Amino acid sequence: MKIIFYLSAIVAIISTIMVVTRKEAVHAFLYLVVSLFSISVIFFISGAPFVAALEVIVYAGAIMILFLFAIMMLNLGKDSVQRESQLMTPRLWIFPAILCIVLLAELIFVFRNVQFQGEGSIKMIDAAEVSSSLFGGYVLAVELTGMLLIAGIVGAYHIGKEKKREYHRYLQTTDKENE
Amino acid sequence: MSDFPLNAGLILSGILFLTGLLGVITRRNILFTLMSVEIMFNAAGLAFVLAGAQHGKADGQVMLIFILAMAAAEVAVGLALILQMHRLQKTVDTDAMNQLRD
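Just so you know, the sequences run in chain order A and B.
Residues 1 to 179 in my numbering are what the first sequence spells out, letter by letter.
Residues 1001 to 1102 in my numbering are what the second sequence spells out, letter by letter.
For lysine to aspartate or glutamate, the following EDC-like pairs were computed, each having C-alpha atoms within a straight-line distance of at most 20 Å:
(1) A:K161 with B:E1074
(2) A:K23 with B:D1095
(3) A:K123 with B:D1059
(4) B:K1090 with A:E24
(5) A:K2 with A:E106
(6) B:K1057 with A:E129
(7) B:K1090 with A:E162
(8) A:K23 with B:D1093
(9) B:K1057 with A:D126
None of these hints come from the bench; they were simulated from the model.
Being a predicted model, the structure only gives us computed values, none of them experimental.
Given the sequences, and given the hints that come with them, work out the whole structure.
And the structure:
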C-alpha cells in the first residue's frame, strides 16, 4: 500500500509542477486532470472511496469541463486556428498518458489484491457514514452551501451576460457633440 | 493493508499547496492563476481527508464536499469574470488590467 501511495504522490507532484510551468492553457489543463486523478487515488487508498469518486466525478468531470469551455471561448482568432493544428501532436499528450497509465495500473492492482475489511490501521469510511454526518451535525452548513451555489449561479449569469455598452447621459451628449 | 503513511501524505499536501501558491504568484495568464487556485483547494482538501482518516471520523470528507461546492461556485464566477475581461481588454494578461492605477 505504501508503494502505491508513493507512486501516486510522485505522479501528483510531477503533474502539478507541469500545470504551473506550461505555456498553453490546454496543456496545463491535461496535466491538471491527471493531478486530480492521482489525488483521487490517494483518497481511495486512505479509506475514503466516496470522496475519491466525488473527486473524479465533480472535480475532474464538471469543474474541469467549465475550464475547458472557458479556454475554448477565449481562443478565438485566426492565429488560434493555425496553432490548433499543432495542438494535439503526440509529443503533447504522450506524457500525461504515461502518468495516467501509472495510475490505471495502480487502480487495477488495488482492486485485485486488496480486501477492504478493515485490516491494518486504515478504517474505511463509506458513503453512509459520510452522509449521516453530513446531514446530521453539518446540516446548517449544507443549507449555506446551497445558498452559496445559488449565489454562484446567479452571479456567473449576471457577470457573464453580454451587456450593451451604456454611457452615462453626460457622456452621451459629449459623444453627440463630437459627432 | 499496511500502515498508510499519513505524515508523507501531509507533506505531499504541503508540496501541492506550495506549487499552487507559486503558480498564483508567478503566472501572469489569469487562467493559470485560477488553475493554481484549484490546486491549492485540492491540497487543502487532501489535508482534510488525511486528517479525518487519521482519527477515523467522517468529518474530513464532509469538509472536502464543502470545498468541492465552494470551488464550483468560485470557478463559475471566476470564469465569467475572465470572459468579461477578455471581452473588454482582448487579453487574459493580469498586467493589462491596470486602469485603476492612472
